[in-house]
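There are 2 protein chains.
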Amino acid sequence: MKIGILGTGMVGATLGAKLIQLRHDVKMGSRAANNAKATDWVNSHGAKATQGTFADAATFGEIIFNCTHGMASLDALKMAGAQNMKGKILIEVANALDFSKGMPPTLGVCNTISLGEQIQNAYPEVRVVKTLNTTNCNLMVNPSLVPGDHDVFVCGNNTEAKEKVTDLLKKGFGWKSVIDLGDISGARGTEMMMPIWLRLMGVFKGPNFNFKIVH
Amino acid sequence: MKIGILGTGMVGATLGAKLIQLRHDVKMGSRAANNAKATDWVNSHGAKATQGTFADAATFGEIIFNCTHGMASLDALKMAGAQNMKGKILIEVANALDFSKGMPPTLGVCNTISLGEQIQNAYPEVRVVKTLNTTNCNLMVNPSLVPGDHDVFVCGNNTEAKEKVTDLLKKGFGWKSVIDLGDISGARGTEMMMPIWLRLMGVFKGPNFNFKIVH
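Quick note, the sequences are listed as chains A and B, same order.
First residue of the first sequence? That's 5 in our numbering, and the numbers climb one at a time after it.
First residue of the second sequence? That's 5 in our numbering, and the numbers climb one at a time after it.
It is worth saying that the hints were derived from the structure and are not from the lab.
Mixed in with the good hints there might be a few duds.
Note that the list lumps identical chains together, so a pair holds whenever it fits in one copy or between two copies.
Keeping only pairs whose Cα atoms sit at most 30 angstroms apart, straight-line, the calculated DSS-like set for lysine-lysine is [stated by the list, open to error]:
#, residue 1, residue 2
1, Lys105, Lys92
2, Lys209, Lys168
3, Lys168, Lys105
4, Lys6, Lys90
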């Protein structure tokens, strides 16, 4: 499948590498078509890896991942272009972490609205599925980094889109348990797990932990 | 031990009942010394159960539980009186759930500050320990309602107070795993778990679930 990745950070690079390993074609998009980090990533990931603008990546992808910084996602998606994403699944993994007031970061979008909802509201013809934002990027594509049973969450307004994303999470990335939180407003729940996640990273001296819902 | 419970709702009644079962003396406090719900509770819990005002309960308790509605906790604590709580441990289990804008509730205190911090800031001579606010009240005092391993969190600025509360959680209430999140600002993490908790209550058709941090 052709997949567009918006964002050239660790999350985009890690997801892109895994998707290429799964034999997908991946175009990494950024503000500039010749972004140096994207070039480095393309050069180390073979013929199935290409780069371009946000709009190029959105146009290329049958599925699009939003891996931009959450505080910049709406700007990045504007550059990606509504018409280039229309009808497509947008897998939204960002967190609007606001570091402008120092550490620990607060959330730039919170409580009465989530980034996932903001994006779905701005692009009603895109099928937004929020997922993976409660784990470190290495764990996103390799859940066995944390031994035992643990969960990843999905939410979104379109059932078929969630099923396709769940299929990728399970068969592609190796997640055994995917919990469907319902419509996209469930993103408030997962995005607001960032403060406990950041605390737990301190407790466990790193990001290799995850949530399991015991019931 | 003498324990004061602020609040006559399900959380206060459930915690109070368990504490009496553990052979503590419990005074339930509310705005009015003759609160009808407190009277009902006292009448059904034997000689170790008494009632009074918030100030009465705070004065009585060697340890105090804040089981008031989170949106009203600061008002209730003002009535409890700083001088009556001075030097004592306040076990803070409330969530500032704001139902005024409809369902699902949002948080009245969120992101850049937590209710736990607000209380600690308002009463610097009280040793505030935030805990148990990520579980239903029945699970608070009977963690085996959810089978298997799962966690409860504590945070607070005073290490000795956290140790005493952890001891009560483990030996009194039966918690096997208590995760120390550090100082009271960790309350932002646990309070902001309410939105995912409310979603999960929908997924699992009730409150008998809990978080396990797998690492």
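If the cutoff is 30 angstroms on CA atoms, where do Lys168 and Lys105 land: within, between, both or neither? Let me know, please.
Answer is neither: 38 angstroms inside a copy and 34 angstroms across each miss the 30 angstroms cutoff.
Same-copy or cross-copy closeness of Lys209 to Lys168 [CA-CA at most 30 angstroms]:
between (34 angstroms within a copy, 25 angstroms between copies)
Identical-chain pair category, Lys6 with Lys90, by Cα at 30 angstroms
Within one copy only: 15 angstroms inside a chain, 64 angstroms across chains, cut-off 30 angstroms.
Identical-chain pair category, Lys105 with Lys92, by Cα at 30 angstroms:
neither (35 angstroms within a copy, 33 angstroms between copies)
Figure legend: structure checked against the earlier numbered hints; hints not met, in rising order: 1, 3.
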